[in-house]
Amino acid sequence: MSDTLLDRLEEKGLRLTEQRRVIAEVLAESRDHPDVEELHARAQARDERISLATVYRTVKLFEEAGLLDKLEFGDGRARYEDADRAHHDHLIDMNSGEVIEFVDPEIEALQERIAERLGYRLMGHKLELYGVKLDRPRRGENGA
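In my numbering, the protein residues as written are 7 to 150.
Where hints are given, some of them may not hold.
[As the list claims (entries may be wrong)] No more than 27 angstroms apart at the CA atoms, straight line, and that leaves these computed lysine-lysine pairs for DSS-like:
id: 1; residue 1: 66; residue 2: 139
id: 2; residue 1: 76; residue 2: 18
id: 3; residue 1: 18; residue 2: 66
id: 4; residue 1: 66; residue 2: 132
id: 5; residue 1: 76; residue 2: 66
id: 6; residue 1: 76; residue 2: 139
id: 7; residue 1: 18; residue 2: 132
Think of the hints as simulated: they come from the structure by calculation, not from any bench.
Could you put together the complete structure from these sequences and hints?
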């Protein structure tokens, strides 16, 4: 991802108002998967004039322009991430709602092999795993 979200907004020819700039900066700095309400709170901390309606409209505009990916994990909240981020998969904690990004070369290779065995060339995929934390430490923790 060589270009920033702001650069890509300008490349798409979208008018960059001050409020859109703030929302784009908040999105670019996000290391999580915020929903519109979270984006609104973060943007409003920088500019109290930014309304929730403005955030909704801006997110929709960015999504339609292909700059944001909308993620729905079954909890009724649409969350967003930069569409130009490197490929990764998601593990969703069903108790806390935390979304953990991961990349696993074995899973990637397995998906390629499955597609090939079925007569396809894989062009892309989205993998979402849903789980709950185990009570015991993970392998490798605490000498286990």
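Hint by hint, here is what the structure shows:
Using a Cα cut-off of 27 angstroms, the hinted pair residue 66 and residue 139 is violated, with the two alpha carbons roughly 33 angstroms apart. A distance of roughly 19 angstroms separates the Cα atoms of residue 76 and residue 18; the hinted pair therefore holds under the 27 angstroms criterion. A hinted pair counts as satisfied when its Cα atoms are at most 27 angstroms apart, and residue 18 with residue 66 qualifies at roughly 15 angstroms. Note on residue 66 and residue 132: the hinted pairing holds, with a Cα-Cα distance of about 21 angstroms set against a maximum of 27 angstroms.
At roughly 9 angstroms between alpha-carbon atoms, residue 76 and residue 66 fall within 27 angstroms of each other, so this suggested pair holds. With a CA separation close to 25 angstroms, the supplied pair residue 76 and residue 139 stays within the 27 angstroms bound. Simply put, residue 18 and residue 132 have alpha-carbon atoms about 25 angstroms apart, close enough for the 27 angstroms limit, and the pair holds.
The structure fails hint 1 only (numbered hints given earlier).
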